[in-house]
Amino acid sequence: MTEMTYRDALRAGLREEMLRDNRVFLLGEDIGRNWGGAFSVTKGLAEEFGDDRVRDTPISENTIVGAAVGAAITGLLPVAEIMFGDLIALAMDQVCNQAAKMRYMFGGQTSVPLVVRTVFGGGKNIASHHSQSLEAWFMHTPGLKVAVPAFASDVKGLIKAAIRDPNPVMFFEHKLVYDKKEEVPDGDYVIPLGEAKVRREGTDVTVWGTFMMVHKALAVAQELAKEGISVEVIDPRTLVPLDKKTLIDSVKKTGRLVLVTEETKTGATTAEVAAVVQEEAFDWLDAPIKRVNAPDTPVPFAPSLENRFIPDEKRITEAIREVLK
Amino acid sequence: MTDKSILVDLYTRTLKIRLFEEKVWELFGQNLVPGTLHLYLGQEAVAAGVTAALSQSDLIQSTHRGHGHVIAKGADMSAALAELLGKRTGSCKGKGGSMHITQFDVGVLGATGVVASGLPIAVGAALSCQMRKTNQVVACFFGDGASNNGTFGESLNMSAIWRLPVIWVVENNLYAMGTPIKLMCPSLTIAQRADGYCIPNVVVDGMNALAVYEAAVVAVDRARRGEGPTLIECQTYRMKGHSRFDAAKYRPKEEADYWLSKDAVETIKKIAVEQAALSEKEADKIRKTLQKEVDAAAEFAIKSEQPQPDEVFDDVYAEVS
Ligand SMILES: Cc1ncc(C[n+]2csc(CCOP(=O)(O)OP(=O)(O)O)c2C)c(N)n1
Numbered sequence: 000m001t002e003m004t005y006r007d008a009l010r011a012g013l014r015e016e017m018l019r020d021n022r023v024f025l026l027g028e029d030i031g032r033n034w035g036g037a038f039s040v041t042k043g044l045a046e047e048f049g050d051d052r053v054r055d056t057p058i059s060e061n062t063i064v065g066a067a068v069g070a071a072i073t074g075l076l077p078v079a080e081i082m083f084g085d086l087i088a089l090a091m092d093q094v095c096n097q098a099a100k101m102r103y104m105f106g107g108q109t110s111v112p113l114v115v116r117t118v119f120g121g122g123k124n125i126a127s128h129h130s131q132s133l134e135a136w137f138m139h140t141p142g143l144k145v146a147v148p149a150f151a152s153d154v155k156g157l158i159k160a161a162i163r164d165p166n167p168v169m170f171f172e173h174k175l176v177y178d179k180k181e182e183v184p185d186g187d188y189v190i191p192l193g194e195a196k197v198r199r200e201g202t203d204v205t206v207w208g209t210f211m212m213v214h215k216a217l218a219v220a221q222e223l224a225k226e227g228i229s230v231e232v233i234d235p236r237t238l239v240p241l242d243k244k245t246l247i248d249s250v251k252k253t254g255r256l257v258l259v260t261e262e263t264k265t266g267a268t269t270a271e272v273a274a275v276v277q278e279e280a281f282d283w284l285d286a287p288i289k290r291v292n293a294p295d296t297p298v299p300f301a302p303s304l305e306n307r308f309i310p311d312e313k314r315i316t317e318a319i320r321e322v323l324k
Numbered sequence: 000m001t002d003k004s005i006l007v008d009l010y011t012r013t014l015k016i017r018l019f020e021e022k023v024w025e026l027f028g029q030n031l032v033p034g035t036l037h038l039y040l041g042q043e044a045v046a047a048g049v050t051a052a053l054s055q056s057d058l059i060q061s062t063h064r065g066h067g068h069v070i071a072k073g074a075d076m077s078a079a080l081a082e083l084l085g086k087r088t089g090s091c092k093g094k095g096g097s098m099h100i101t102q103f104d105v106g107v108l109g110a111t112g113v114v115a116s117g118l119p120i121a122v123g124a125a126l127s128c129q130m131r132k133t134n135q136v137v138a139c140f141f142g143d144g145a146s147n148n149g150t151f152g153e154s155l156n157m158s159a160i161w162r163l164p165v166i167w168v169v170e171n172n173l174y175a176m177g178t179p180i181k182l183m184c185p186s187l188t189i190a191q192r193a194d195g196y197c198i199p200n201v202v203v204d205g206m207n208a209l210a211v212y213e214a215a216v217v218a219v220d221r222a223r224r225g226e227g228p229t230l231i232e233c234q235t236y237r238m239k240g241h242s243r244f245d246a247a248k249y250r251p252k253e254e255a256d257y258w259l260s261k262d263a264v265e266t267i268k269k270i271a272v273e274q275a276a277l278s279e280k281e282a283d284k285i286r287k288t289l290q291k292e293v294d295a296a297a298e299f300a301i302k303s304e305q306p307q308p309d310e311v312f313d314d315v316y317a318e319v320s
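Here the protein sequences come in this chain order: L and E. Residues 0 to 324 in numbering that gives the first Met the number 0 are what the first sequence spells out, letter by letter. Residues 0 to 320 in numbering that gives the first Met the number 0 are what the second sequence spells out, letter by letter.
Hints should not be assumed to be uniformly reliable.
[What the hints assert, rightly or not] Straight-line Cα separation of at most 25 Å, SDA-like style, residue types lysine to any residue; simulated pairs:
| # | chain 1 | residue 1 | chain 2 | residue 2 |
| --- | --- | --- | --- | --- |
| 1 | L | K159 | E | A317 |
| 2 | E | K252 | E | I180 |
| 3 | E | K132 | L | N306 |
Calculated directly from the structure, the hints in this document are not laboratory data.
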C-alpha cells in the first residue's frame with residue numbers, strides 16, 4: 000500500500016496497462032508532453048511512451064471518439080480523453096450511435112474495446128459549460144459500460160478493468176476527487192466492473208451515491224454516529240453494470256434508503272436506482288426513498304449559486320433524518 | 000493499354016453489384032424487404048473501381064448506401080441478401096439490415112445510418128494500420144451530402160496531420176435526398192474542399208470503373224508509401240430515387256437522361272471489349288454465372304428463417320474473458 004492521490008493512482012493504472020500491452024494508447028486534446036492533460040492525469044506519459052502512444056489531437060471531439068472506435072475494431076486498445084465532460088455532447092454520435100451499437104447492429108461480428116475518459120462535476124466556479132454531471136445519458140444507452148470511481152483506492156483497479164474490457168467503457172472522473180489521497184494497493188490488480196463497495200457499514204439507513212457525494216455521505220455518517228445513528232454508505236463504483244445485489248441486501252438490512260448524486264434531479268441515475276429498489280425490495284422499505292440531487296437548472300457560476308446547486312452535507316443530513324422519522 | 004485481367008475484374012465487379020441490386024429491387028417489389036432501402040444502382044463503377052485497387056486485406060468503411068461497397072469488397076451474397084430480408088442467416092444476424100450491411104471478415108468495418116459518421120472511424124482504422132505497421136489501406140466512402148457534416152473537416156484534418164493511409168471517396172451523385180448539390184456547396188467540386196487540408200484530390204468520372212480504378216491506384220500507392228490521404232470525388236448518379244418510395248421526380252428530365260445514358264456496366268464492358276480484354280461471348284458467360292450466384296443467394300435468403308424473438312437479447316455486450 001502506498002498513499003497517493005486519485006490523480007496519481009489513475010496515472011499509475013494507465014501507465015501499467017501501457018507497459019503490459021503495447022496495443023494500449025491514449026488520445027485526446029493536450030494530453031501530451033506540453034501539458035499532460037487539463038487535469039495533469041497523463042503528465043509524463045508522453046515522455047515515457049512517445050508521442051504516438053500519447054497522442055495529442057486537434058479539438059475534434061466527435062472524431063477523437065470515432066478514431067478510437069476505428070482503432071478499437073482493428074486491433075488496438077484506445078483510451079480517448081474528452082477534456083471536459085460537457086464537451087462529450089459533441090461526441091454523442093460516436094459514443095451512442097457507433098461505439099455502443101456496433102457489436103449488436105453487426106450481429107456480434109465485432110466488439111469495441113475502448114475507454115472514453117472524461118471529467119464531470121462542479122465546485123470550481125466554471126459555470127455551465129464545464130461543470131455538469133451527465134452519467135445518466137450513458138446509463139440509458141445499452142452497449143456501454145459506465146464507471147464512476149470516487150476513491151484513489153478504486154480508480155487504479157477500475158481503469159485496468161476498463162482497458163481490459165472488450166466493450167466500450169465510459170470512465171467518468173470528478174474534478175474535486177483528483178487531489179483526494181488514500182492508501183492504494185501496490186502492483187497489478189483489477190477491480191471488476193459491476194461490484195459496489197460498502198464504504199461504511201451501518202444498520203439504520205443506507206446512503207447510495209457517487210463521486211463527491213460518497214465523500215460527503217461518509218462525513219455525514221461520522222457526524223450522525225455521534226448521535227447513535229448508524230449509516231451504511233454504498234459507492235456503486237460502476238453504474239453499468241449496476242451492482243443491484245449489494246444495494247438490495249443493504250436496503251433489506253436497514254429498511255431505509257437515501258440516494259444522492261450531483262446530477263440534476265429529473266431523469267438522474269438516482270431515479271433509476273429508486274425504481275430498481277421499488278421493484279425488487281419494496282416489501283423491505285420502512286419509509287419512502289429519498290433523493291438528494293442538484294436542482295433542475297444549468298450549473299451556475301457565482302459561488303453562492305453553485306453552493307446552492309451542489310448537494311451539501313446539510314441536505315444529505317436532512318434527508319437521512321427525514322427517512323428515519 | 001490496360002492490363003486485360005483488370006478490365007475483366009472491373010466488368011465483373013460492376014456487373015455483380017448491378018445484378019445483386021436488381022435482385023434486391025425485385026425482392027423489394029415482392030414485399031420481402033422490411034424497412035427502407037437505399038439502392039446503389041447506377042453508382043456501381045465507384046465501388047468496383049475502388050475495391051479493385053485494394054488488396055484483400057485492405058479495409059473499407061461504408062455508408063447508408065452500402066450494398067455495392069460490401070459486395071464489391073467480396074461479401075457473401077447469400078448472407079447479404081439474408082440480412083436485407085431480416086433473416087438470422089444474415090451477415091448481421093438480422094440486427095442491421097440495409098443501412099448496416101457489413102461483413103468484417105472481408106474487410107468491411109461497418110456501414111452506418113448516420114450520414115458522415117464513418118469518416119472518424121476510418122481515421123481510427125487507418126491510424127491503427129499505421130501504428131501496427133500492417134501496410135493496410137482504408138477506403139472510406141461517403142456522399143456529397145456527407146461532406147457538409149462537421150466530421151468531414153475533422154477527419155480530413157486528422158488524416159492529413161498524421162499522414163494516414165486512408166482514401167476519401169466522395170460519391171457525388173448530385174443529390175442528398177432531394178437537395179441538389181449546387182444549393183448546398185459553394186464550390187464547383189467537393190474535391191476542392193480537400194485543398195484546405197493539403198490533401199491531394201482529383202475529380203473522376205464515376206460512371207467509368209476504369210477511371211475510378213486508375214485514380215484509386217494512385218491513391219493506394221501514395222497511402223502505402225506513407226505519404227498520407229487522397230480524396231477522390233467520383234461524379235455519378237443513382238438510377239433510382241433516394242430510398243424506398245422516392246420516384247426522384249425532382250430531377251430534371253434532361254439531366255436524368257444524360258446521366259442514365261452513361262450506364263456503368265455498359266461503359267466498362269465497352270472499354271473491355273474495345274481493348275480486346277473481353278469478347279461479347281465471354282461477357283455473356285460472366286453475366287450468366289453471376290446471375291446464377293445471385294439467384295441462388297436469393298433462394299437461400301428467402302428460405303432462411305427470421306431470428307427467434309429472444310435473440311433480441313444477444314450481442315449487446317462482449318463477454319469479459
Ligand atoms: C446525420 C444524418 N442526417 C440526416 C440523415 C437522413 N439522411 C439519410 S441519407 C441523407 C442524404 C445523404 O446524402 P449523401 O451523403 O449525398 O448520400 P447519398 O444518399 O446521395 O448516397 C439524409 C439527409 C441521416 N441519416 N444522418
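Practice task
Give me the numbers of the hints this structure contradicts, sorted from smallest to largest.
Solution key: Those not satisfied come down to hint 3.
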